[in-house]
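Peer 1: Each chain, letter by letter, is given below.
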Amino acid sequence: MPEPEFIPQLGFLPEEPFVGHKACAGCGGTVALRLALKVLGPRVFVGVPAGCMSAVGFLYPQMAFGVNAMISTFPGTASLLSGMAAAVRAFGLKDVHVVGFAGDGGTADIGLQALSGAIDRGDRIIYICYDNEAYMNTGVQKSSLTPVGAGTTTSPVGRSLRGSSGPKKDLFEVIAAHGLAYAATASVGYPQDYMKKVLKAASAEGTSYIQVLAPCPTGWGSASDSAGELGRLAVDTGLWPLREFEGGRHRLNREPEKFAPLKSYFEAQGRFRHFRAEAIAAAEIERDAKWARLRSRIHSGV
Amino acid sequence: MKAGIQFLSGNDAAAAGAALARPQVIAVYPITPQTTLVERLAQWHADGELECEFLNVESEHSALSACMGACALGARTFTATSSQGLLYMCECLHYASGGRFPIVMVNANRALALPWNIYGDQRDSLSQLECGWIQLYAGDAQEALDLVLQSYRIAEDPRVVTPVMLNVDGFSLTHTYEAVAVPEEAEADAYLPRFSPAFRMDLEAPLSLGFSAGPRDNTAFKIAQMKGIAEAEGALEEADAEFARLFGRARGGALATWGLEGAEAVLVSLGTLGGQVRAAAEALRAEGLRVGSLRLRMLRPFPAESLRKALAGVRTVGVLERNVSTGFEGTVCSQVRAALHPLGQGTPGVAGFTGGLGGRDLAPKDIEGIFRRLLLHGGSSDNAVHWVDPGVELA
Amino acid sequence: MPEVPVRILPWKVPLRLEEHPAWPHTASGRLIEGHAQWRLQRPVFDEGRCTRCLQCYLMCPDAAILLHEGVPSVDLRLCKGCGVCVKECELGAFRMAPEHP
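Chains as they are written, first to last, in our numbering: chain V, 1 to 302; chain C, 1001 to 1395; chain U, 2001 to 2101.
Honestly, the hints are just simulated from the structure, not real lab data.
Don't take every hint at face value.
[Stated by the list, open to error] Dumping the calculated DSBU-like pairs for lysine-lysine here, alpha-carbon to alpha-carbon at most 30 Å:
(1) V:K200 x U:K2012
(2) U:K2012 x C:K1227
(3) V:K22 x C:K1222
(4) V:K94 x V:K169
[Stated by the list, open to error] What the simulated footprint calls covered on chain C by chain V, stretch by stretch (three residues with Cβ under 8 Å from a Cβ of chain V suffice, anywhere in the stretch; the number is not a length):
(5) 1088-1097
(6) 1165-1177
(7) 1197-1205
The beta-carbon is built from N, C-alpha and C at its ideal position, and this holds for glycine as well.
Based on the provided sequences and hints, a complete structural model is requested.
Peer 2: See below:
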């Protein structure tokens, strides 16, 4: 029998911090936003760039954010947050959080420079990348975080080319290489783990970064009820390792002995509809290689 | 920066003005010829003389973006840029003005690539006239310092609530030296009190900022913006009058004029060109020629009514700028033509002159030559650009 | 835990300039409409099966699960009928029924 697992600071009486938005039914990204804001409480200053979350949350006059929130320019999430954090310091505000929610395109591509700069300055901000693995707001275009072989509108499955060609950029490694205060991956399929990580990020002395897998039924071509399930499957198949970077060291949150079959993950999504045995086998090899690298680094004590 | 008379460059003076304005957050990214301005601020901050949050950002886009974030929480902010940097933050320029963030930014006017050129001309800010910022142009270092303080009063004025771009000519103002009176901190504080924002993110009353407004509602916000910026000319005059009361220095409003009484030809210009034009006008008046100089201190909002009042009855108006709008004529020339057109029958003839691009020097004889040409030939019957000493033979 | 439903307030389309906000900023948390009309199906809750694990409450993308003394109920003004609650509840306390039978 599942027991309630209460998270401290859960609850936001009486208003929800993010409700009434125009997101697609079943959107994983909104779960990521809502849970993070629940954990952080009402004393927040939020920055959200052009993308799904701002597009669905700030359509005048429907203001879905119940807390202080601002749409930033697409490349400028982290720099907006840096400015907010500077004002927080200038005013000597205590017990507040400056937090941003940007998509994978807005983080790994157009927003990478500003994020790198913010980490370099050590600005006390929480940067949450909700990774749905493509530019979803503009209609499912490829980003550098689109996985190999996934079909998008700018990397379609055609007669000659079969979906996105390059590997998914290991953005977590890039961010961790900055040596920031705290970084983690998470998944909306494991909400308690995600919320605990948001709490950790909130108390980090410096910049923290969370990359949370946020399945997008519309863009992934999956059922509207599947965000949580796919979020769990991505982790259980080993495609989305749950990791942390803290105190200068990497950590794996789970090291499963056995992974769930990749086939079950791919066949639930239209963007992988074209995958046959060969593509699945290649994905397995890549997953195993990645885990070998991750394990060897952890166990060598680096 | 010590108070009293100092021998300062335009950049030093602007920096002194910025420091006296007590911005709470300064975002800094270097670009020639603005660099010595932010270097001064950095040194004062490092010496503990300038209390602020000082952000070394990783691009100009981030500089303005950070200023907006800080401004959203109610902080007074400052940044500076030039040329390529101004263009890099272009998206943020529109964002800041549309979002009504009263940021003050000094722009060191510099040429735009390509070809690459780090020297002074006016193309950068003139290419951004549509971005919704108030645009002011300083003619000397004292004016640069004074206008920084006045810019905050104008920007933060509850009738205005619009960011201000204060332009200083690259090298010809940023890097030339003059005696500048630096106010005492207490005097500056009396003139410019603490920022009291029209809106800010408040923990007790949370705001959603920068929302989307669709086809039904978008225009309303643009009309509101137009109404706000339109108040800036009056706000400049008031800011100047109050400044004169406290500091004993008055520069007037949007226009700085000399010799307009009975002038047959007037040459309009921006920034340090204005000083050169005035010197030429003085020399020619001494010869008995009826000429005058008009330096535009404010380009946005465009002081059309003031311009019409000043130039009605003048036979010929020339416009000299370190700029050209490729494919048409000088930008300032177009603005002046458009403003004078409603005079109808009494509209002066207008001729546009482009010179000094890429930092090319304009000599007194060049400018006197423009005046003589205006007196001889009047206004143009077309939109031809008259190139002043282009450095290459034309035809 | 929200025990009080979110407020959805009526709103009149501004016809005069003064009726709009002066700038593109406005008070947070103001809703003028729900999304009931998006639904093709709606959740039906069986309280008898519920152990109050709160997984449905956590995972609802639209914050459409209210809790009254820890017991979930669905705010049908906000529910878009995505079915996540059905998927996430390990006890089968939710099932979907057609919105338009």
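Peer 1: Straight-line Cα separation of V:K22 and C:K1222 no greater than 30 Å?
Peer 2: holds (25 Å)
Peer 1: Can you confirm whether chain V covers the segment 1165-1177 of chain C, using C-beta to C-beta distances below 8 Å and requiring at least three such residues?
Peer 2: As far as the segment 1165-1177 of chain C goes, the hint is violated, because 0 residues have Cβ atoms under 8 Å from chain V.
Peer 1: Quick one: see if chain V covers the segment 1197-1205 of chain C, three-plus residues with Cβ-Cβ under 8 Å.
Peer 2: holds (count 3)
Peer 1: Is the straight-line distance between the alpha-carbon of U:K2012 and that of C:K1227 30 Å or less?
Peer 2: holds (24 Å)
Peer 1: When you check the alpha-carbon spacing of V:K94 and V:K169, does it fall within 30 Å?
Peer 2: Answer violated: V:K94 to V:K169 is near 36 Å, above 30 Å.
Peer 1: Between V:K200 and U:K2012, does the CA-CA distance stay at or below 30 Å?
Peer 2: Roughly 43 Å between the alpha carbons, so the hint for V:K200 and U:K2012 is violated.
Peer 1: Confirm or reject the coverage of the segment 1088-1097 of chain C by chain V under the rule of 3 or more residues with a beta carbon closer than 8 Å to the chain's beta carbons.
Peer 2: Check passed, 3 qualifying residues.
When held up to the earlier numbered hints, the structure conflicts with 1, 4 and 6 and fits the remainder.
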